[in-house]
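Chain residues, written in single-letter form:
2 protein chains.
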Amino acid sequence: MEVARTIQSIRKLVKAARAKGKTIGFVPTMGALHIGHVSLIEAAVQQTDFVVVSIFVNPTQFGPTEDFEEYPRPFDDDLEICRKKGVDVVFAPAPKEIYPGENLTWVNVEKLTEPLCGQFRPGHFRGVTTVCAKLFNIVTPDVAFFGQKDAQQAIVIKRMVTDLNMPLEIVICPTIREPDGLAVSSRNQYLTRQQRKDATLIYKSIQKCREMIEAGVTESREIISWMREILNQIPSAQIEYISIVDAETLESIDQVAGKVLVAVAVKIGSTRLIDNILVDSTKK
Amino acid sequence: MEVARTIQSIRKLVKAARAKGKTIGFVPTMGALHIGHVSLIEAAVQQTDFVVVSIFVNPTQFGPTEDFEEYPRPFDDDLEICRKKGVDVVFAPAPKEIYPGENLTWVNVEKLTEPLCGQFRPGHFRGVTTVCAKLFNIVTPDVAFFGQKDAQQAIVIKRMVTDLNMPLEIVICPTIREPDGLAVSSRNQYLTRQQRKDATLIYKSIQKCREMIEAGVTESREIISWMREILNQIPSAQIEYISIVDAETLESIDQVAGKVLVAVAVKIGSTRLIDNILVDSTKK
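Sequence order for the protein chains is A and B.
Position 73 (the first sequence) corresponds to 72 in numbering that gives the first Met the number 0; numbering is contiguous.
Position 83 (the second sequence) corresponds to 82 in numbering that gives the first Met the number 0; numbering is contiguous.
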């Protein structure tokens, strides 16, 4: 496995692989790799010939009061995971390699970035789409892999790729959960033992929602109120949002119909956790 | 010469050329081809192996009161010019091929798009950068060719390519002028005979500026006042701007120093014309 630190070196490695007729798979990450990332890497190894994993904690997607500095960076462990999983190249650029000077050019996806996390993290998705556009242009993959765990991000990235005719395919892989249901996240390690226990209520609230929809409840307000009840059992929880939205447009819906995205963001102490499920209400 | 109408067909043609080891040159145009475009095509033919010219009047770069509907579309003449000049493919998509639905994703270059034409054509550069990003992703050229005539556009596109790490090179070709100095533009054909005659004063005003800088005048205000005097000789002229700016940042400068861009936008009747020159004031 190679480790590329510069744009020039990753481009050279990808070019050589492509010259051999290989398809290029890409898993963009911020490192602190866990079994969620591993599932993306496995999908990439299975579906493409040459797998690039980027490890880059992107400053432009963090707000000024967010955890950019504290974000875990266990680089050697990350490399070990990539090596074991059959990754061909890890692209791990320094911040100056990606942002050598003032960045004036931004890619912005309107509307889809406004609700849900967009309300609470202004500028976040603009940072995500811009760095993904940059990484896609650097790595030039045939397929890039993202997790359903970050549901809004997945929808926003797919829309960017479609709207800008980017020559790659986006594959969204299922959310990976701990045995007790908690969605795996690099930020779970911020939790105390008690908070970690309480955090299972996030998925419980989402499961409650699925049950209610499957039982025929269609009133979003009623469902959300039950979910809130569950989340309020977490002593230190601050609920950012509990939303039932159209799975394509992300517009809030009063009456559940068709495919819906149920999404939750909760701060437990100072740790912000998100989770979601897609529910097809027509398949009751 | 082939004419591709769909994204799928142009991609297929480019892929086949690249598989033969050919480099791809790209000249994006809105059609109504003139000797300015021809100079770009000639540069592309000279510098690359396989030349794609796009002809697409991009709706998103026109303001609501601008000339999108009236913009000339002499398609058969354009094809004839391309054929004669050795173009390999003309990519001429229908609007629905480029914008199949609501476009939510925009590429925006901050700061550089604010002065000069940016002040008078809100949204124009966002339309230009977005459609160029789309076309670059569709055609995937190694080199794309633009004219110095649209100086701000050239700087904005170059910045977008650098900031987003787009894997292509941008070549800027010199402004092509009529024998009397008027910068060649598709919009010159809107002019009446008298307006066409008056329009030569635009380049005269710019030449005056160069002469003054070369004679050692450094006060922008003084130079601009002389230029305004010349342009005011055009009876139906409405001057949008006469600007002396830093050639890289496009920031207005009071004292001429280093490389400067002298840029003018004038409406003659309802026809908006622009022109510019780069002056290196250190080479007096």
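A few of these clues could be false.
Identical copies go unnamed one by one, so any copy, or any two together, can satisfy a pair.
[To be verified] In silico lysine-lysine, DSSO-like type, Cα no more than 27 Å apart, as pairs:
| hint | residue 1 | residue 2 |
| --- | --- | --- |
| 1 | K95 | K110 |
| 2 | K14 | K157 |
| 3 | K11 | K21 |
| 4 | K11 | K207 |
| 5 | K84 | K282 |
| 6 | K196 | K110 |
| 7 | K196 | K21 |
| 8 | K207 | K14 |
| 9 | K84 | K266 |
| 10 | K19 | K203 |
| 11 | K83 | K258 |
| 12 | K266 | K19 |
| 13 | K14 | K148 |
| 14 | K203 | K95 |
| 15 | K21 | K266 |
Derived from the structure by calculation, the hints contain no laboratory data.
For each hint, the structure was consulted:
1. Taking the shortest alpha-carbon separations for K95 and K110, only the inter-copy value of 21 Å comes in at or below 27 Å, while the best intra-copy value is 31 Å.
2. Taking identical chains as interchangeable, the C-alpha atoms of K14 and K157 lie at most 27 Å apart whether they share a chain (25 Å) or sit on different chains (23 Å).
3. For the identical chains of this complex, K11 and K21 are neighbours both inside a copy (14 Å) and across copies (18 Å), given an alpha-carbon limit of 27 Å.
4. Taking the shortest Cα distances, K11 and K207 never come within 27 Å of each other, neither inside one copy (50 Å) nor across copies (49 Å).
5. For a Cα distance limit of 27 Å, the shortest separation of K84 from K282 qualifies neither inside one copy, at 36 Å, nor across copies, at 59 Å.
6. With identical chains, the CA atoms of K196 and K110 are never at most 27 Å apart, being 35 Å at best within one copy and 48 Å at best between copies.
7. When the C-alpha separation of K196 and K21 is checked against a cutoff of 27 Å, the pair qualifies neither within a copy, at 45 Å, nor between copies, at 60 Å.
8. Taking CA atoms no more than 27 Å apart as the test, K207 paired with K14 passes in neither setting, with 49 Å inside one copy and 50 Å between copies.
9. In this assembly of identical chains, the alpha carbons of K84 and K266 never lie at most 27 Å apart, being 33 Å within a copy and 63 Å across copies at closest.
10. Neither within a single protomer nor between protomers do K19 and K203 lie at most 27 Å apart by alpha-carbon distance, with minima of 48 Å and 57 Å respectively.
11. Taking identical chains as interchangeable, the C-alpha atoms of K83 and K258 are never at most 27 Å apart, the minima being 37 Å within one chain and 54 Å between chains.
12. In this homomeric assembly, K266 and K19 never come within 27 Å of each other (Cα to Cα): the closest approach is 48 Å inside a single copy and 55 Å across copies.
13. For a Cα distance limit of 27 Å, the shortest separation of K14 from K148 qualifies neither inside one copy, at 31 Å, nor across copies, at 35 Å.
14. For the identical chains of this complex, K203 and K95 are neighbours neither inside a copy (42 Å) nor across copies (45 Å), given an alpha-carbon limit of 27 Å.
15. Proximity of K21 and K266 under a CA criterion of 27 Å is satisfied in neither setting, with 43 Å inside one chain copy and 54 Å between copies.
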